[in-house]
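Residue-level listing of the chains:
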Amino acid sequence: MSPYRETKQGMTRIVKTIAKFVMPPVVLFGIYMMLHGHLTPGGGFPGGVIIASAFVLLVLSFGREVTFQKLRVSTASILESVGALIFLSLAVLGMVIGGWFFINFLPKGYPLKIISAGFIPFANIGIGLKVTGGIFAVFLTLVMFRIVAKR
Amino acid sequence: MWEIYALAFLMIVGSLVAVHTRYLLSAVISLAVVGLALCVAFLYLQAPDCAITQIVVEVIALIILIRATGVERDLLEIRGKKEVFAITATFIFIIVFAAFAFAALTYLPKFGYPVMKVAQEYVKKGLEQTGSANLVTAVLLDFRAYDTLGEATVLFTAIMGAIVVLREVGRKEK
Numbered sequence: 001m002s003p004y005r006e007t008k009q010g011m012t013r014i015v016k017t018i019a020k021f022v023m024p025p026v027v028l029f030g031i032y033m034m035l036h037g038h039l040t041p042g043g044g045f046p047g048g049v050i051i052a053s054a055f056v057l058l059v060l061s062f063g064r065e066v067t068f069q070k071l072r073v074s075t076a077s078i079l080e081s082v083g084a085l086i087f088l089s090l091a092v093l094g095m096v097i098g099g100w101f102f103i104n105f106l107p108k109g110y111p112l113k114i115i116s117a118g119f120i121p122f123a124n125i126g127i128g129l130k131v132t133g134g135i136f137a138v139f140l141t142l143v144m145f146r147i148v149a150k151r
Numbered sequence: 001m002w003e004i005y006a007l008a009f010l011m012i013v014g015s016l017v018a019v020h021t022r023y024l025l026s027a028v029i030s031l032a033v034v035g036l037a038l039c040v041a042f043l044y045l046q047a048p049d050c051a052i053t054q055i056v057v058e059v060i061a062l063i064i065l066i067r068a069t070g071v072e073r074d075l076l077e078i079r080g081k082k083e084v085f086a087i088t089a090t091f092i093f094i095i096v097f098a099a100f101a102f103a104a105l106t107y108l109p110k111f112g113y114p115v116m117k118v119a120q121e122y123v124k125k126g127l128e129q130t131g132s133a134n135l136v137t138a139v140l141l142d143f144r145a146y147d148t149l150g151e152a153t154v155l156f157t158a159i160m161g162a163i164v165v166l167r168e169v170g171r172k173e174k
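Top to bottom, those sequences are chains A and B.
Every letter in the first sequence is one number past the one before it in our numbering, and letter 88, counting from 1, is 88.
Every letter in the second sequence is one number past the one before it in our numbering, and letter 157, counting from 1, is 157.
Because the hints were derived from the structure by calculation, they are not lab data.
Positions of the beta carbon are idealized from the N, C-alpha and C atoms, including for glycine.
Among the hints, a few may not be true.
Some chain B residues judged to face chain A by a derived CB distance under 8 Å, without partners named [as the list claims (entries may be wrong)]:
| no. | residue |
| --- | --- |
| 1 | L140 |
| 2 | F156 |
| 3 | I159 |
Mimicking EDC-like on lysine to aspartate or glutamate, the simulated pairs with C-alpha atoms at most 16 Å apart in a straight line are [to be verified]:
| no. | chain 1 | residue 1 | chain 2 | residue 2 |
| --- | --- | --- | --- | --- |
| 4 | A | K113 | B | D49 |
| 5 | A | K16 | A | E65 |
| 6 | A | K108 | B | D49 |
| 7 | B | K110 | B | E58 |
Interface residues of chain B toward chain A, partial, derived using beta-carbon atoms under 7 Å [claimed, not checked]:
| no. | residue |
| --- | --- |
| 8 | S26 |
| 9 | A133 |
| 10 | T157 |
| 11 | G161 |
| 12 | A162 |
| 13 | I163 |
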């Protein structure tokens, strides 16, 4: 059964249909912005916020239960921790390999290629994961707290 | 240089008092001493922007924390030796902090000079030193990666605090 099945929760059918079509391009654009952070404007923070906003759109239009089949709060907080660990381990690896905290220890490569700029793409991925998980987790926490308090 | 050591000593003493004191309000005030000393230390390290941020965040956090301790009464009238001592100590600390801050402000470079010294280096050597075509990312994740780590830590801590405070699991039923 499709996760986008008809549920009582959420908004009207118009909003659900539009959200269904809009969400994959938004996630793709967020991933693009995360991976091309060292080439074009953007980076880990905005890319992560864009991906998280796609899931926020899903929560607003479909409700919590449908969204939890895609991304749970626990998964989101694990994502956040993994992103933070990636960023921190890059810094410590720089200290181990290069001698300084946060030294760019990977080869630089040619400019304007996607594999260039040393460890900056990996740091962007780490920050992007962290921001995705963090924003989504804090949004869901706030939403669920309001539901609990209403009872 | 001795001023920074004195401020660091004050910060350590303030932290120890904040941990070991019996009263919640005293702990909050000790934390405020730590924050103000850190602010003056930033001034001595020639980082006035950090000092401004620090004092704004410190004052707002202090107000919120003092309200959170549940203190209702204020010091309205002078009754005995206790209040006189408190007011005297307050004025002495204000004068000491003002003197330290004034001495620190004289260390700073002149206003508007030198112009964009660091930024010129970034613009000239950013591409060849980092290989990143996007100069903003080069500054953010290579030259100033330590700042970014601090920002990420702040975000992580804020989200963790929100999740802990607003959690559903483990909350006692009333």
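Discussion item. Holds or violated: the hint that L140/B contacts chain A, with Cβ atoms closer than 8 Å.
Written reply: Since the shortest Cβ distance to chain A is 7 Å, the answer is holds.
Fill in: Hinted pair K113/A and D49/B, Cα distance within 16 Å
Between K113/A and D49/B the Cα gap is close to 36 Å, so the pair fails against 16 Å, i.e. violated.
Fill in: Agreement of hint F156/B with chain A interface, Cβ distance less than 8 Å
holds, 6 Å
Worksheet entry | Closest C-beta approach of G161/B to chain A relative to 7 Å, hint status | Since the shortest Cβ distance to chain A is 10 Å, the answer is violated.
Discussion item. Can you verify the interface hint for T157/B: is its Cβ closer than 7 Å to any Cβ in chain A?
Written reply: With a closest approach of 10 Å, the T157/B hint is violated.
Item to complete: Decide if the proposed pair is consistent with the structure: K16/A and E65/A, CA atoms, cutoff 16 Å inclusive.
Response: holds, 14 Å
Practice prompt. Against chain A, run the beta carbon of S26/B and see if the smallest gap drops under 7 Å.
Written response: Check failed: Cβ of S26/B comes no nearer than 32 Å to chain A, outside 7 Å.
Discussion item. Does A133/B hold up as a contact with chain A if the rule is Cβ-Cβ below 7 Å?
Written reply: holds, 5 Å
Item to complete: So, I159/B near chain A? Judge it on the closest CB pair being under 8 Å.
Response: holds, 4 Å
Worksheet item: Regarding the pair K110/B and E58/B, is the alpha-carbon distance no greater than 16 Å?
Response: Roughly 27 Å between the alpha carbons, so the hint for K110/B and E58/B is violated.
Worksheet item: Taking 7 Å as the limit, does the beta-carbon of I163/B come near enough to a beta-carbon in chain A?
Response: Given a least distance of 5 Å, the restraint on I163/B holds.
Worksheet item: Hint check: is the beta carbon of A162/B less than 7 Å from a beta carbon of chain A?
Response: Hint on A162/B: holds, closest Cβ of chain A at ~5 Å, below 7 Å.
Violation of the numbered hints given earlier is confined to hints 4, 6, 7, 8, 10 and 11; the remaining hints are satisfied by the structure.
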